[in-house]
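*Asks:* Turn these sequences into a full structure, and let the hints steer you where they fit.
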Amino acid sequence: MSEQEKLSIIVFSGELDKALATMNIATGAAASGMEVTLFFTFWGVSMLKKKGPKKGASTILGKMFDKMLPGGPDKLPLSNLNMGGMGSKMMRKQMKSKKVQSLPEFLELAQELDIKMVACTMSMDVMEIPKEDLIDGIEYGGVAAFLNEASESKFSLFI
Amino acid sequence: MSEQEKLSIIVFSGELDKALATMNIATGAAASGMEVTLFFTFWGVSMLKKKGPKKGASTILGKMFDKMLPGGPDKLPLSNLNMGGMGSKMMRKQMKSKKVQSLPEFLELAQELDIKMVACTMSMDVMEIPKEDLIDGIEYGGVAAFLNEASESKFSLFI
Amino acid sequence: MSEQEKLSIIVFSGELDKALATMNIATGAAASGMEVTLFFTFWGVSMLKKKGPKKGASTILGKMFDKMLPGGPDKLPLSNLNMGGMGSKMMRKQMKSKKVQSLPEFLELAQELDIKMVACTMSMDVMEIPKEDLIDGIEYGGVAAFLNEASESKFSLFI
Numbered sequence: 001m002s003e004q005e006k007l008s009i010i011v012f013s014g015e016l017d018k019a020l021a022t023m024n025i026a027t028g029a030a031a032s033g034m035e036v037t038l039f040f041t042f043w044g045v046s047m048l049k050k051k052g053p054k055k056g057a058s059t060i061l062g063k064m065f066d067k068m069l070p071g072g073p074d075k076l077p078l079s080n081l082n083m084g085g086m087g088s089k090m091m092r093k094q095m096k097s098k099k100v101q102s103l104p105e106f107l108e109l110a111q112e113l114d115i116k117m118v119a120c121t122m123s124m125d126v127m128e129i130p131k132e133d134l135i136d137g138i139e140y141g142g143v144a145a146f147l148n149e150a151s152e153s154k155f156s157l158f159i
Numbered sequence: 160m161s162e163q164e165k166l167s168i169i170v171f172s173g174e175l176d177k178a179l180a181t182m183n184i185a186t187g188a189a190a191s192g193m194e195v196t197l198f199f200t201f202w203g204v205s206m207l208k209k210k211g212p213k214k215g216a217s218t219i220l221g222k223m224f225d226k227m228l229p230g231g232p233d234k235l236p237l238s239n240l241n242m243g244g245m246g247s248k249m250m251r252k253q254m255k256s257k258k259v260q261s262l263p264e265f266l267e268l269a270q271e272l273d274i275k276m277v278a279c280t281m282s283m284d285v286m287e288i289p290k291e292d293l294i295d296g297i298e299y300g301g302v303a304a305f306l307n308e309a310s311e312s313k314f315s316l317f318i
Numbered sequence: 319m320s321e322q323e324k325l326s327i328i329v330f331s332g333e334l335d336k337a338l339a340t341m342n343i344a345t346g347a348a349a350s351g352m353e354v355t356l357f358f359t360f361w362g363v364s365m366l367k368k369k370g371p372k373k374g375a376s377t378i379l380g381k382m383f384d385k386m387l388p389g390g391p392d393k394l395p396l397s398n399l400n401m402g403g404m405g406s407k408m409m410r411k412q413m414k415s416k417k418v419q420s421l422p423e424f425l426e427l428a429q430e431l432d433i434k435m436v437a438c439t440m441s442m443d444v445m446e447i448p449k450e451d452l453i454d455g456i457e458y459g460g461v462a463a464f465l466n467e468a469s470e471s472k473f474s475l476f477i
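Residue numbers (my numbering), protein chains in the order written: chain G, 1 to 159; chain W, 160 to 318; chain L, 319 to 477.
Keep in mind that the hints were calculated from the coordinates and are not lab data. Beta carbons are placed, not taken as given, at the ideal position from N, Cα and C, and that holds for glycine. Treat the hints with caution; some may be incorrect.
As the list claims (entries may be wrong) - Below 30 Å or equal to it, Euclidean Cα-Cα: the simulated BS3-like pairs (lysine-lysine) are:
| id | chain 1 | residue 1 | chain 2 | residue 2 |
| --- | --- | --- | --- | --- |
| 1 | W | K234 | W | K248 |
| 2 | G | K75 | G | K131 |
| 3 | W | K275 | W | K257 |
| 4 | L | K324 | W | K165 |
| 5 | W | K255 | G | K50 |
| 6 | L | K449 | W | K208 |
| 7 | W | K275 | L | K416 |
| 8 | G | K50 | W | K210 |
| 9 | L | K393 | L | K372 |
| 10 | L | K381 | L | K368 |
| 11 | G | K89 | L | K416 |
| 12 | G | K67 | G | K6 |
| 13 | L | K449 | G | K89 |
| 14 | W | K222 | W | K165 |
| 15 | W | K222 | W | K209 |
| 16 | W | K222 | G | K55 |
| 17 | L | K434 | L | K416 |
| 18 | W | K210 | W | K226 |
| 19 | W | K255 | G | K49 |
| 20 | L | K407 | G | K99 |
| 21 | L | K369 | L | K434 |
| 22 | G | K6 | W | K165 |
| 23 | L | K417 | W | K275 |
Said to hold, decoys possible - So the derived list for chain L, only partly shown, Cβ under 10 Å to chain G, looks like this:
| id | residue |
| --- | --- |
| 24 | F360 |
| 25 | S376 |
| 26 | T377 |
| 27 | N398 |
| 28 | Q419 |
| 29 | L421 |
| 30 | F424 |
| 31 | D443 |
| 32 | M445 |
| 33 | Y458 |
| 34 | A462 |
| 35 | N466 |
| 36 | F473 |
*Replies:* Spelled out as structure tokens, the structure:
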């Protein structure tokens with residue numbers, strides 16, 4: 001693969017299994033020399049939340065979203081067979097015993113590999129997620145930012 | 160972006176949040192000069208239903224699909240946290256207060272921007288959705304129609 | 319479409335409706351002369367399970383996955399309106415009466431059309447699905463195998 005090849009992924013879903021698939025593809029591509037951009041939108045933005053206490057939303061509707069959305073990458077449910085969290089717990093345990101990275105480890109690896117991570121500002125506005133609640137080292141942008149990346153990419157995925 | 164660039168999206172899902180992401184990408188791309196085709200299949204076809212009373216299906220199975228499928232773009236559930244419709248109501252309210260277009264407004268905008276919208280005829284056949292029940296100004300086609308667009312496109316997404 | 323055009327699809331979801339959309343696009347593309355690769359990962363691997371008794375997993379966690387995962391392509395639920403299996407039964411019946419191929423028929427057609435089907439080895443490891451439980455005539459690979467195909471493809475989809 002030539003070094004100038006690009007891959008862009010829209011990370012729309014906020015579920016553990018889809019997040020793992022995303023990060024597996026993204027870090028695999030970056031490790032083989034591709035330039036990778038991840039554009040986090042809607043439920044995907046929750047994956048970028050930092051650990052610990054958060055500022056959160058200020059309106060009543062915003063606070064309701066806060067309560068319902070996962071608090072970070074270590075809190076995501078499975079898209080399938082989640083069974084009130086038992087499924088995602090099983091999956092995390094199984095992945096650990098198989099020596100597959102956890103989602104927080106994948107996110108660190110992504111930053112080490114210079115994967116560009118962009119949080120969708122419209123989603124942050126609608127779900128009232130403040131910048132202070134997201135991890136450092138990411139960028140912010142709207143749909144135009146994604147379209148620019150995608151039109152230069154070898155291929156693009158919506159996950 | 161050069162004017163001849165094309166984007167094609169398969170709209171498979173019939174959920175409000177994915178529909179909004181689709182229309183946001185599609186109208187953003189069209190506004191920046193790309194040629195956009197949306198291919199509505201399976202649950203996505205419900206998004207093209209027109210307002211008011213419908214002809215509907217004629218067989219018993221078809222009538223059961225009628226009852227279960229959303230009646231149009233203002234009736235779609237959320238893919239996540241729908242909570243019997245409360246989640247999608249919250250999302251609609253929040254988007255309005257943040258001045259983001261509603262789905263019916265996005266569909267009108269798509270037609271103004273000359274986005275080509277194609278309803279999948281196989282899906283319409285299986286779910287017994289007659290042409291009379293869909294909005295005007297759309298086209299009809301099968302998988303070959305999508306493949307033709309996709310093979311000329313800068314990138315394609317499945318949503 | 320020229321004969322050297324390639325299409326690659328990541329089959330992540332293990333649901334009947336998404337599987338049918340995948341196979342419809344894949345066989346349509348192959349029939350029109352494209353070279354098609356399907357990369358089955360996570361829940362998608364269940365689609366490749368062969369009929370009859372299986373070897374299954376050996377650990378307790380693995381056996382729990384066995385119980386929860388669909389036993390093969392004729393056992394998949396719908397992503398929407400599954401209603402404890404009634405929805406997928408209705409869909410299968412309706413498709414039969416409309417003379418659309420069933421999923422097992424689509425898989426056979428895919429093999430006749432020389433569609434390359436690759437099972438994700440990491441997913442098989444995590445969910446403890448042994449090679450003996452999958453159909454013949456498929457290949458095995460990791461994310462690098464997918465990236466190689468995708469970077470040569472006209473377009474790629476994540477389903």
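*Asks:* So, for every hint listed, does it hold in this structure?
*Replies:* So, going through the hints one by one against the coordinates:
Between K234(W) and K248(W) the CA atoms are separated by roughly 10 Å; this keeps the pair inside 30 Å, and the hint holds. With a CA separation close to 19 Å, the supplied pair K75(G) and K131(G) stays within the 30 Å bound. Restraint check for K275(W) and K257(W): the C-alpha separation of about 28 Å stays at or below 30 Å, so the hint holds. A C-alpha spacing of about 18 Å is found between K324(L) and K165(W), which places the hinted pair at or below 30 Å, so the restraint holds.
Between K255(W) and K50(G) the CA atoms are separated by roughly 28 Å; this keeps the pair inside 30 Å, and the hint holds. For the given pair, K449(L) sits about 45 Å from K208(W) by alpha-carbon distance, which is inconsistent with the 30 Å threshold. A C-alpha spacing of about 27 Å is found between K275(W) and K416(L), which places the hinted pair at or below 30 Å, so the restraint holds. A distance of roughly 44 Å separates the Cα atoms of K50(G) and K210(W); the hinted pair therefore is violated under the 30 Å criterion.
Using a Cα cut-off of 30 Å, the hinted pair K393(L) and K372(L) holds, with the two alpha carbons roughly 15 Å apart. Restraint check for K381(L) and K368(L): the C-alpha separation of about 17 Å stays at or below 30 Å, so the hint holds. Taken as a hint, the K89(G) and K416(L) pair is broken in the structure, with Cα atoms around 42 Å apart against an allowance of 30 Å. Distance check on the hinted pair: K67(G) and K6(G) sit about 36 Å apart at the alpha-carbon level, beyond 30 Å; violated.
For the hint pairing K449(L) with K89(G), the CA-to-CA distance comes to about 25 Å; that is within 30 Å, so the pair holds. Proposed proximity of K222(W) and K165(W) is contradicted: the alpha carbons are some 37 Å apart, above 30 Å. For a cut-off of 30 Å, the pair hint linking K222(W) to K209(W) stands: about 17 Å separates their Cα positions. Distance check on the hinted pair: K222(W) and K55(G) sit about 49 Å apart at the alpha-carbon level, beyond 30 Å; violated.
Pair hint K434(L) plus K416(L) holds up; C-alpha atoms about 28 Å apart against a cutoff of 30 Å. A distance of roughly 16 Å separates the Cα atoms of K210(W) and K226(W); the hinted pair therefore holds under the 30 Å criterion. With a CA separation close to 25 Å, the supplied pair K255(W) and K49(G) stays within the 30 Å bound. As the CA atoms of K407(L) and K99(G) are separated by approximately 39 Å, the hinted pair breaks the 30 Å bound.
For the proposed pair K369(L) and K434(L), the alpha carbon gap of about 20 Å is at most 30 Å, so the pair holds. Of the pairs offered as hints, the one joining K6(G) and K165(W) holds, with about 18 Å between alpha carbons and a cut-off of 30 Å not exceeded. Restraint check for K417(L) and K275(W): satisfied, since their Cα atoms lie roughly 28 Å apart, inside the 30 Å limit. Because the closest C-beta pair between F360(L) and chain G is about 6 Å apart, less than 10 Å, the hint holds.
Hint on S376(L) is violated. Least Cβ distance to chain G is approximately 13 Å, over the 10 Å limit. A distance limit of 10 Å between C-beta atoms decides the matter here; for T377(L) the minimum to chain G is near 8 Å, and the interface restraint holds. Residue-level restraint check for N398(L) is violated (minimum Cβ-Cβ distance to chain G is 13 Å; threshold 10 Å). The restraint placing Q419(L) at the interface with chain G is violated, with a minimum CB-CB distance near 24 Å, outside the 10 Å limit.
Interface hint at L421(L): violated, since its Cβ lies 17 Å from the closest Cβ of chain G, which is beyond the 10 Å cut-off. The closest approach between the C-beta of F424(L) and any C-beta of chain G is roughly 21 Å, which is over the 10 Å cut-off, so the hint fails. A least Cβ separation of about 5 Å between D443(L) and chain G falls short of the 10 Å threshold, and the interface hint therefore holds. Given hint, M445(L) at the interface with chain G, holds; its Cβ is 8 Å from that chain's nearest Cβ, closer than 10 Å.
Interface hint at Y458(L): violated, since its Cβ lies 16 Å from the closest Cβ of chain G, which is beyond the 10 Å cut-off. A hinted interface residue such as A462(L) counts as satisfied when its beta carbon comes closer than 10 Å to some beta carbon of chain G; here the least separation is about 6 Å, so the hint holds. Proximity of N466(L) to chain G holds as hinted, the smallest CB-CB distance being about 8 Å (cut-off 10 Å). Checking F473(L) against chain G by beta carbon gives a least distance of about 7 Å; that is within 10 Å, so the hint holds.
Hints 6, 8, 11, 12, 14, 16, 20, 25, 27, 28, 29, 30, 33 from the list above are not met by this structure, while the remaining hints are.
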